[in-house]
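Chemist: In case you want the letters, here they are:
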Amino acid sequence: MKALALVGLHPWRTCRKSVDSVTEFLEGSLSPEDRTRVLTHLKVCPDCPRYFRQIELTIRLAREVPAETLPLPGRAALLDEFRDSHRPPDEEI
Amino acid sequence: MVDDMPMADDEAIESQGQPRPASLEDALLDGLRRGDEVAFESLIDRHTPAMLRLALFYVPSLAIAEEVVQETWLGVVRGLGSFEGRSSLRTWIFRILINKAKASGVAERRTLPLAAEGDGDAEAPSVDPSRFRGPPRGYWSSPPNYWDELPEDRLLAGETLAVIQRAMESLPAGQQAVFELRDLQQWTSAEVCKALGLSEGNQRVLLHRARTRVRSAIEEYFDAR
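Chains as they are written, first to last, in the numbering used here: chain D, 1 to 93; chain X, 94 to 318.
Keep in mind that a hint or two might mislead.
[Stated by the list, open to error] SDA-like mimics (lysine to any residue), calculated; alpha carbons at most 25 Å apart, straight line:
1. Lys-43(D) to Gln-279(X)
2. Lys-287(X) to Ile-59(D)
3. Lys-43(D) to Lys-287(X)
4. Lys-195(X) to Ile-59(D)
5. Lys-43(D) to Glu-242(X)
6. Lys-195(X) to Glu-81(D)
Hints in this document: simulated from the structure, not taken from any laboratory.
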């Protein structure tokens, strides 16, 4: 069991643990030892690499969600304010 | 989305040595300074949705969030002359927004639940434990389905994006704000921690939970098909 733990195959450093640390892994905030464990697990696991890819794909797809064009109340007043702020001083009189 | 250039400037960014690219934001800034209304409108359209989401993290209702965003844009118009470009235009705008939102008087009430939101369920697993075999093996018994192999046009279909949007909108405010700033606006974690007053670890937990929930929503959607 100890030898398995060293190479990252300890049962509880398996899928559940890897999945829980996906963000830390992608952020680069895992300790070098834990990072190695995750990488080792990803090499032997048939499913977790897919999960990791899906997290990255989720982020990519979320960026494609069109920003809703919402009518900000007061938008016209904002544009007036902008126009006024650029009016040459002599026009204001 | 055009917004994929790295965020420029600010101490946090400079320490990472990212150069500030000539960008659309620079072009918009030039336009604003010349009094180009189209540039101003385009800036409003570009940032208002994210600003509302972020404002909602501090204030309790959409109506108040809208007021905060309006005030922010007024602040932008009035402050433009004194904006020195030491931070990026976007960073500057969002900083005004956060200050206004906090100043709206309800910040105190919202800040606490936010921090707690990360701590409270930090130990909760990312994925339903029933999807894994028990000890000693701990492998998936119900592995992720293969939605990531679907053709691009399925993934980017309006219906899929609507599912993602709904999932994002149903996240708790803290997760929503962090996901918005980190994954959509592509701020660095240092910037987000500073802007929202979160610890690095807390920010990461919120981000992790947000990503996990949005991924699950996509999986459930394609499972049901």
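Chemist: Look at each hint and say if it fits the structure.
Modeler: Taking the hints in turn, this is what the structure says about them:
{"no.": "1", "hint": "Lys-43(D) to Gln-279(X)", "verdict": "29 Å, violated"}
{"no.": "2", "hint": "Lys-287(X) to Ile-59(D)", "verdict": "22 Å, holds"}
{"no.": "3", "hint": "Lys-43(D) to Lys-287(X)", "verdict": "36 Å, violated"}
{"no.": "4", "hint": "Lys-195(X) to Ile-59(D)", "verdict": "28 Å, violated"}
{"no.": "5", "hint": "Lys-43(D) to Glu-242(X)", "verdict": "19 Å, holds"}
{"no.": "6", "hint": "Lys-195(X) to Glu-81(D)", "verdict": "24 Å, holds"}
In the structure shown, a violation is registered for the earlier hints numbered 1, 3 and 4, in ascending order.
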